[in-house]
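*Asks:* Residue strings, one per chain:
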Amino acid sequence: MTARRLFAAFALMIIAAGPAFAVQPDEMLKDPKLEARARELSKDLRCLVCQNENIDDSNADLAHDLRVLLRQRLAAGDTDQQAKQYLVARYGDYVLLKPPFNAETLVLWLGPGGLLLAGLGFAVAYYRRRVTAAAAADPAAAPLSEAESRRLTALLEDDKKS
Amino acid sequence: MRRWLVALPVTVFFVLVGFFIWRLVLMEHGDTPNIIPSVMINKPAPQFDLPPVVLDKPGLKLADLKGHVTLVNFFASWCIPCREEHPLLRGLGEKVRLVGIVYKDRPEQARAYLERLGDPYQAIGIINANLDSRDPQSQVGIDFGVTGVPESFLVDKQGVIRFKQIGPFTPEDINKKLLPLVAELSK
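Keeping their order, the protein sequence lines are chains A and B.
If you use our numbering, the first sequence corresponds to residues 1 to 162, in order.
If you use our numbering, the second sequence corresponds to residues 1 to 187, in order.
Any given hint could be a false lead.
Dumping the calculated DSS-like pairs for lysine-lysine here, alpha-carbon to alpha-carbon at most 30 Å [what the hints assert, rightly or not]: (1) A:K84 with A:K43; (2) B:K95 with B:K61; (3) B:K66 with B:K176; (4) B:K57 with A:K84; (5) A:K30 with A:K98; (6) B:K95 with B:K43; (7) B:K43 with A:K98; (8) B:K43 with A:K43; (9) A:K43 with B:K164; (10) B:K66 with B:K164; (11) B:K66 with B:K95; (12) B:K95 with B:K177; (13) B:K57 with B:K157; (14) A:K98 with B:K164; (15) B:K43 with A:K84; (16) B:K61 with A:K84; (17) B:K95 with B:K187.
None of these hints come from the bench; they were simulated from the model.
Quantities reported herein were computed from a predicted structural model and do not represent experimental measurements.
Construct the entire structure; sequences and hints are all you get.
*Replies:* Following this line, the structure appears as structure tokens:
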């Protein structure tokens, strides 16, 4: 009974413990719709000090500033695109966690797929060549000569008799 | 053809090793790839009008930058690399018009910092440390694309940003990058 109670208490603790948020209550907008938009947007924006964290997760000062600024822009009536553009104009595409598809990022977007295809091409060519070469070189793969097949039948006959 | 194919992986390997060593050597000399390229280069400096922080010196506004080649240095009293950079700035103040912007700091602490270490700036403005929608001047740092302190912007006579230093200056940065550019822009 006590064990079960302990377990229940423990489970409750686990359920009740939410993740720790970087977004402070005083940063949040009163309008839940706007706040939801701000949360979604900030997940795609890079904290430029910590570099690989988005501003929604980061506790850095600059991330706080960018969150507040983003909310100010949305509250002032900016669309999501305009709010993002506002930051891109100041910090460059680097502020976006998902880089845009353009001439500069072509290698970034297509590189991995291209390398994979090239690798597959090499592998296929290599194995094909190896299979044909092996077939040509391996005496066991050639058909049996007449003497060999006669010997084989003889052996098999012997087996049956015994 | 086949021999060439066999040598390919080894060649690629050594090319990569060479590339990595080259990058490491460059990093030793301060060329780190994690420095964020600024989009503000060759763009006009943003509009701003900041109140003074030191009693006998004026604040700073965009109009003050026009007509001179100016180095705008963002600093704060709590910033340790700024302290490291400070002696260099004192020397630099004689070669280029140097102005300061206090970033995320209290006025009295910025004053104490300058009293203790010396004040190389011709004018100093202070940004409201808290981003406040009623005070458009509180986001001057963001308008400049500042990510932290120290950061410095070289602004030409027309008010266009020509160079950005992220982090503290080194003597090498000043002699090899900054001063040649100042000389060129001052013509």
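*Asks:* If a hint holds in the structure, say so; if it doesn't, say that too.
*Replies:* Hints versus structure:
1. A:K84 with A:K43: holds, 12 Å
2. B:K95 with B:K61: holds, 21 Å
3. B:K66 with B:K176: Answer holds: B:K66 to B:K176 is near 25 Å, not above 30 Å.
4. B:K57 with A:K84: Between B:K57 and A:K84 the Cα gap is close to 37 Å, so the pair fails against 30 Å, i.e. violated.
5. A:K30 with A:K98: holds, 28 Å
6. B:K95 with B:K43: holds, 24 Å
7. B:K43 with A:K98: Since the Cα atoms of B:K43 and A:K98 sit roughly 25 Å apart, the hinted pair holds (cutoff 30 Å).
8. B:K43 with A:K43: Holds: B:K43 and A:K43 sit about 28 Å apart, inside 30 Å.
9. A:K43 with B:K164: With a Cα-Cα distance of about 28 Å, the restraint between A:K43 and B:K164 holds, given a limit of 30 Å.
10. B:K66 with B:K164: Answer holds: B:K66 to B:K164 is near 18 Å, not above 30 Å.
11. B:K66 with B:K95: Judged against 30 Å, a Cα distance of about 18 Å means the pair holds.
12. B:K95 with B:K177: holds, 14 Å
13. B:K57 with B:K157: Given that 30 Å is the threshold and the Cα spacing comes to 22 Å, the pair holds.
14. A:K98 with B:K164: It holds: about 25 Å lies between the C-alpha atoms, which stays within 30 Å.
15. B:K43 with A:K84: Holds, because 19 Å separates the two Cα atoms, which is no more than 30 Å.
16. B:K61 with A:K84: This hinted pair holds, its Cα atoms lying about 27 Å apart.
17. B:K95 with B:K187: holds, 14 Å
Checked against the numbered hints given earlier, this structure breaks only hint 4.
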